[in-house]
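Chains as they are written, first to last, in our numbering: chain V, 1 to 335; chain W, 336 to 663.
It is possible that part of the hints are untrue.
As the list claims (entries may be wrong) - Cut-off 27 Å, straight-line C-alpha distance, at most; resulting in silico cross-link-like pairs (BS3-like, lysine-lysine):
id, chain 1, residue 1, chain 2, residue 2
1, V, K67, V, K53
2, V, K244, W, K533
3, W, K413, W, K484
4, W, K465, W, K361
5, W, K484, W, K465
6, W, K465, W, K507
7, W, K361, W, K413
8, W, K533, W, K507
9, W, K361, V, K244
10, W, K413, V, K244
11, W, K484, W, K461
12, V, K53, W, K399
13, W, K399, W, K413
14, W, K413, W, K465
15, W, K484, V, K244
In case anyone wonders, no lab produced these hints; they're calculated from the structure.
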Amino acid sequence: MLRVIVRRLLQLVVTLIGLSALVFVWLRNLPGGPIEALLGERATPERRALLVKALGYDQPILVQYAKFMQRLLTGDFGNSIRSGDPVTEVIGRAFPATIELAAAAMIIAIGLGVPLGYLAARHRGRLLDNLSIAGTLLGISIPIFFLGYLLKDVFTQNMHWFPPSGRISTGVDNTDVTGFFVLDGLLTREFDAAGDALWHLILPALTLATIPLAVIVRITRASVLDVLNEDFVRTAEAKGLRHKTIRGRHILRNALLPVVTTIGLQTGALLSGAVLTERVYNWGGLGTLIYNSISGGRDYPVLQALILLAALVFVVVNLLVDLSYAFIDPRVRVR
Amino acid sequence: MSLLDVRDLSVVFQRRGERPFTAVDKVSFSVEPGQTVGLVGESGCGKSVTSLAIMGLLPRRGNKVTGEVNFDGADLLKLRPDDMRDRRGRDIGMIFQDPLSSLNPVVPIGTQVAEVLERHRGMDRKAAMKESRELLDAVGIPDPMRRLKEYPHQISGGMRQRALIAIALACKPRLLIADEPTTALDVTIQAQILTLLKQLVDETGTALIMITHDLGVVAGLCDTVNVLYGGKVVERAARHELFARPRHPYTHGLLSSVPRLDSPRGERLHAIRGSVADNIPWVEGCAFAPRCDNVVDACLEGTPPLDPTATGGDLRCNNPVSEEVAVP
Numbered sequence: 001m002l003r004v005i006v007r008r009l010l011q012l013v014v015t016l017i018g019l020s021a022l023v024f025v026w027l028r029n030l031p032g033g034p035i036e037a038l039l040g041e042r043a044t045p046e047r048r049a050l051l052v053k054a055l056g057y058d059q060p061i062l063v064q065y066a067k068f069m070q071r072l073l074t075g076d077f078g079n080s081i082r083s084g085d086p087v088t089e090v091i092g093r094a095f096p097a098t099i100e101l102a103a104a105a106m107i108i109a110i111g112l113g114v115p116l117g118y119l120a121a122r123h124r125g126r127l128l129d130n131l132s133i134a135g136t137l138l139g140i141s142i143p144i145f146f147l148g149y150l151l152k153d154v155f156t157q158n159m160h161w162f163p164p165s166g167r168i169s170t171g172v173d174n175t176d177v178t179g180f181f182v183l184d185g186l187l188t189r190e191f192d193a194a195g196d197a198l199w200h201l202i203l204p205a206l207t208l209a210t211i212p213l214a215v216i217v218r219i220t221r222a223s224v225l226d227v228l229n230e231d232f233v234r235t236a237e238a239k240g241l242r243h244k245t246i247r248g249r250h251i252l253r254n255a256l257l258p259v260v261t262t263i264g265l266q267t268g269a270l271l272s273g274a275v276l277t278e279r280v281y282n283w284g285g286l287g288t289l290i291y292n293s294i295s296g297g298r299d300y301p302v303l304q305a306l307i308l309l310a311a312l313v314f315v316v317v318n319l320l321v322d323l324s325y326a327f328i329d330p331r332v333r334v335r
Numbered sequence: 336m337s338l339l340d341v342r343d344l345s346v347v348f349q350r351r352g353e354r355p356f357t358a359v360d361k362v363s364f365s366v367e368p369g370q371t372v373g374l375v376g377e378s379g380c381g382k383s384v385t386s387l388a389i390m391g392l393l394p395r396r397g398n399k400v401t402g403e404v405n406f407d408g409a410d411l412l413k414l415r416p417d418d419m420r421d422r423r424g425r426d427i428g429m430i431f432q433d434p435l436s437s438l439n440p441v442v443p444i445g446t447q448v449a450e451v452l453e454r455h456r457g458m459d460r461k462a463a464m465k466e467s468r469e470l471l472d473a474v475g476i477p478d479p480m481r482r483l484k485e486y487p488h489q490i491s492g493g494m495r496q497r498a499l500i501a502i503a504l505a506c507k508p509r510l511l512i513a514d515e516p517t518t519a520l521d522v523t524i525q526a527q528i529l530t531l532l533k534q535l536v537d538e539t540g541t542a543l544i545m546i547t548h549d550l551g552v553v554a555g556l557c558d559t560v561n562v563l564y565g566g567k568v569v570e571r572a573a574r575h576e577l578f579a580r581p582r583h584p585y586t587h588g589l590l591s592s593v594p595r596l597d598s599p600r601g602e603r604l605h606a607i608r609g610s611v612a613d614n615i616p617w618v619e620g621c622a623f624a625p626r627c628d629n630v631v632d633a634c635l636e637g638t639p640p641l642d643p644t645a646t647g648g649d650l651r652c653n654n655p656v657s658e659e660v661a662v663p
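Using the sequences plus the hints, can you model the full thing?
What follows is the structure, given as structure tokens:
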């Protein structure tokens with residue numbers, strides 16, 4: 001088991017190095033750049049040259065990359081061109097917001113998706129099943145930004161059930177401990193702050209959850225249908241076991257393997273979905289940071305770090321998923 | 336009074352837009368306490384469906400079950416699903432064909448045995464595990480303490496079937512249904528499992544319904560044999576009677592098909608001509624008629640009734656094999 005982890009971590013390092021080179025070169029070849037953004041279009045060539053030299057962009061790209069990697073090894077991602085703050089700080093401020101949003105979306109997707117998929121399978125061919133098929137198709141096909149604005153329009157503008165944007169109401173006094181506002185509120189026993197943060201969280205989380213939810217319902221349904229035909233389910237029935245035992249121990253435990261795989265792969269969808277969702281709800285997380293770093297003049301250091309971070313999160317989550325197999329399926333342990 | 340009395344049991348599969356298919360057609364038989372009864376026939380004759388109908392394990396949709404299954408004074412077909420659930424595993428145990436696929440791959444053997452005890456005998460986990468260890472020991476699984484924690488893929492096929500027998504007998508049921516319990520096993524293991532079943536049945540006084548296509552299994556185990564063809568009982572006789580004087584042409588054909596060590600070299604193996612598919616869908620007449628060597632005109636006009644024979648059995652045939660014809 002340890003060997004597997006070590007090997008996967010080594011693979012991760014190689015992947016990240018390759019990706020960093022790719023991103024480094026790719027970003028610098030995009031049209032537009034930080035110089036124009038900082039100085040404006042009518043800046044004199046002299047001033048431009050000065051800034052280019054100050055930022056080190058006059059050097060060959062290989063040299064730039066080598067310097068970047070050199071600093072990276074000491075944990076220094078450089079400073080944001082836009083704000084001048086260290087990149088680690090900029091990202092550190094936005095990171096908890098996105099994790100909070102993504103975690104909430106995943107809780108919704110798994111918490112609703114697995115039961116719904118199970119019920120659809122058990123009612124195969126009947127109304128509930130057909131509704132789930134139609135609903136998941138809609139969920140997968142509807143664009144996130146469209147759904148986001150739709151939900152926002154209906155539930156905030158028309159019905160006033162939820163706040164339209166932000167992570168917490170102005171005037172609510174919350175103490176920052178972990179950066180996860182709901183968690184912070186609970187930790188510091190400021191329950192009004194936790195409630196307010198949760199209230200802000202619901203609509204964005206629902207929006208972000210739609211695609212993973214639809215996928216999880218589909219996979220769970222298909223997987224449960226497979227397991228229902230297995231002989232051991234008939235054995236469990238022949239034993240006269242209670243529904244609860246058959247459902248949990250015999251059906252779901254076997255049906256969840258493909259679902260767990262899906263959950264890992266959906267992390268990618270969550271990260272990209274976060275960019276759109278955060279824009280719609282003005283949620284100050286990584287998605288907003290990516291958007292601002294691109295539109296606000298190609299903030300190379302921040303963008304590089306963000307892309308590498310996204311890749312890291314994706315690979316680590318999938319590593320955890322692979323490792324979790326061993327706990328769910330004993331047949332995997334032998335290898 | 337019989338322990339189990341099956342009366343006119345029929346199972347009709349009906350799917351929307353398709354012709355109804357009668358898998359089991361008015362099957363009647365009974366099992367006395369402690370008795371071993373065989374249900375014999377080739378694939379598709381309705382023997383497994385009969386057992387699933389008795390257990391209430393047929394899918395809820397797409398089929399219609401009629402008749403009576405009287406067990407212990409109650410008609411199982413009329414019980415509420417939850418009452419039937421209480422009886423399954425406690426009063427009636429069942430063993431299936433393929434021991435690997437019949438065990439849950441992600442749950443330790445011990446839990447799979449213990450959960451029956453917890454369910455029906457109200458044991459806590461600890462007591463159930465202790466009892467499970469003894470059960471595994473009783474069915475001849477070596478080192479049962481270790482097996483409790485192992486998973487199905489870690490033990491051999493023979494041991495898996497032993498574990499399934501332990502599960503089926505955990506609550507000391509009065510009736511055990513074994514649906515082709517040796518088909519998926521090596522020949523040497525088959526003999527061991529049959530010996531074990533016989534020993535356990537004798538020890539506990541459990542009645543046994545043995546479902547098989549293997550006449551060797553019948554010869555070694557059963558007191559009474561029901562031969563099924565096309566969803567109907569075509570012949571019923573005591574074991575010795577059946578082997579000595581098979582009356583139905585189908586039974587006769589089955590027995591003749593068994594290869595013999597003392598037959599002359601180069602002699603062709605005997606087979607019943609045609610296949611079971613030849614008679615589907617039969618409309619009227621004897622289901623076996625298309626394959627029968629003894630067929631007469633009456634066979635095509637209507638199904639002959641199941642009539643008692645002089646030797647105490649029952650026979651459904653217009654032109655049975657004469658008693659004088661020796662079995663090869």
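Verification of the hints:
no.: 1; hint: V:K67 <-> V:K53; result: holds, 15 Å
no.: 2; hint: V:K244 <-> W:K533; result: violated, 34 Å
no.: 3; hint: W:K413 <-> W:K484; result: violated, 39 Å
no.: 4; hint: W:K465 <-> W:K361; result: violated, 44 Å
no.: 5; hint: W:K484 <-> W:K465; result: holds, 12 Å
no.: 6; hint: W:K465 <-> W:K507; result: holds, 16 Å
no.: 7; hint: W:K361 <-> W:K413; result: holds, 17 Å
no.: 8; hint: W:K533 <-> W:K507; result: holds, 15 Å
no.: 9; hint: W:K361 <-> V:K244; result: violated, 35 Å
no.: 10; hint: W:K413 <-> V:K244; result: holds, 24 Å
no.: 11; hint: W:K484 <-> W:K461; result: holds, 13 Å
no.: 12; hint: V:K53 <-> W:K399; result: violated, 86 Å
no.: 13; hint: W:K399 <-> W:K413; result: holds, 13 Å
no.: 14; hint: W:K413 <-> W:K465; result: violated, 36 Å
no.: 15; hint: W:K484 <-> V:K244; result: holds, 23 Å
Of the numbered hints stated above, those contradicted by the structure are hints 2, 3, 4, 9, 12, 14, listed in ascending order.
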